[in-house]
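S.K.: Residue numbers (the working numbering): 45 to 350.
What the hints contain is simulated information worked out from the structure, not anything from laboratory work. For glycine and all other residues, C-beta sits at the position ideal for the given N, C-alpha and C. Any given hint could turn out to be false.
Taking CB as the label site, the calculated pair distances span [as the list claims (entries may be wrong)]:
#, residue 1, residue 2, range
1, Ala-100, Lys-347, 35 to 43 Å
2, Gly-247, Tyr-169, 19 to 27 Å
3, Lys-200, Gln-106, 19 to 27 Å
4, His-314, Ile-138, 30 to 38 Å
5, Glu-336, Ile-312, 20 to 28 Å
6, Gly-245, Thr-329, 26 to 34 Å
7, Glu-134, Leu-286, 35 to 43 Å
8, Thr-242, Glu-134, 29 to 37 Å
9, Asp-246, Glu-99, 46 to 54 Å
10, Glu-201, Pro-167, 30 to 38 Å
11, Leu-170, Ile-141, 29 to 37 Å
12, Asp-287, Ile-141, 39 to 47 Å
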Amino acid sequence: MKVLVTGGAGFIGSHIVDQLLARGDEVIIVDNLITGKEEQVHSKGKFYRINITDEALIDLVQEEKPEAIIHQAAQVHVPSSVENPFFDAETNVIGTINLLEAARRGGVRKIVYASSAAVYGEPQYLPINEMHPTEPLSPYGVSKLTAEQYIKMYAKEHGFSYSLLRYANIYGVRQDPRGEGGVISILVDKVLGQQAFTVFGDGKQTRDYVYVTDAAKANVLALDTEQNGTYNIGTGKRTSLLDLIQTFEQVTERKMEVEYGPERPGDIVHSYYEIGKVSEELKWTPTITLVEGLKATIKYYQKSYT
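Starting from the given sequences, assemble the full structure and let the hints guide the process.
M.R.: Here is the structure:
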């Protein structure tokens with residue numbers, strides 16, 4: 045299968061490219077290299093340095109004629125979306141519309157889209173299933189949900205199929221530990237940099253952490269179904285911040301320096317997924333435990349701190 049991956053030089057996208065090439069697919073990589081990294085562009089993929097908002101993307105899809113597109117490119121930082129909602133919407137909404145226009149004109153048959161738990165907002169019940177109300181609390185959540193709606197509309201009007209994957213907290217190798225990543229990448233930076241980690245609140249807040257290769261596998265499996273669907277991509281398990289710190293200490297065999305700060309207004313306290321639907325329909329289940337994932341992540345980054 046010929047597959048185009050947007051954000052294919054990024055954290056999750058590069059792992060998707062690896063898995064597609066490993067199973068024998070022909071892969072086109074599109075990335076503007078603003079957050080993606082040139083060293084993560086797979087040598088066996090065909091690379092184009094293009095922004096997803098550029099008209100050149102439409103020309104590219106018409107020229108290459110991929111059967112499917114896995115759309116990972118996005119503005120993913122929630123605080124940045126609050127500070128600059130125009131840029132967030134331009135990337136996540138306008139960029140997705142541009143991609144859909146490219147798909148329409150290029151005869152693409154399948155779209156796999158990286159969405160987010162941010163579309164749900166404050167959980168009304170736990171675990172969160174795909175029928176949970178969507179009431180996002182940030183411009184980022186709004187933009188991801190809006191992109192979902194555009195994909196559904198285009199699919200209905202133009203006859204291609206889609207899979208919308210709502211990621212929980214993805215972590216692992218190639219996530220920037222010094223950038224604007226999630227709590228695990230920040231913990232990696234603090235542990236390996238021998239710095240204090242700040243806990244806002246009591247540390248009992250919970251999240252669903254899924255390793256990046258498992259998340260990538262969900263995207264690959266989604267290519268093999270013509271059934272339209274929205275799926276939660278997580279582990280179905282909740283881990284508190286205090287438990288996460290304890291696991292870090294277990295894996296690194298060192299005591300972490302922890303500081304406590306006031307609870308941040310607007311922070312969601314508890315969130316984790318129900319994953320029965322994706323398990324049944326896509327035959328996907330996570331395989332990497334938190335301990336295994338943390339060990340792999342820390343080992344990967346240790347060389348950067350020596």
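S.K.: All hints are to be evaluated individually against the structure, with a verdict given for each.
M.R.: Evaluated hints:
no.	hint	result
1	Ala-100 with Lys-347: 35 to 43 Å	holds (36 Å)
2	Gly-247 with Tyr-169: 19 to 27 Å	holds (23 Å)
3	Lys-200 with Gln-106: 19 to 27 Å	holds (22 Å)
4	His-314 with Ile-138: 30 to 38 Å	holds (33 Å)
5	Glu-336 with Ile-312: 20 to 28 Å	holds (26 Å)
6	Gly-245 with Thr-329: 26 to 34 Å	holds (31 Å)
7	Glu-134 with Leu-286: 35 to 43 Å	holds (38 Å)
8	Thr-242 with Glu-134: 29 to 37 Å	holds (32 Å)
9	Asp-246 with Glu-99: 46 to 54 Å	holds (50 Å)
10	Glu-201 with Pro-167: 30 to 38 Å	holds (33 Å)
11	Leu-170 with Ile-141: 29 to 37 Å	holds (33 Å)
12	Asp-287 with Ile-141: 39 to 47 Å	holds (41 Å)
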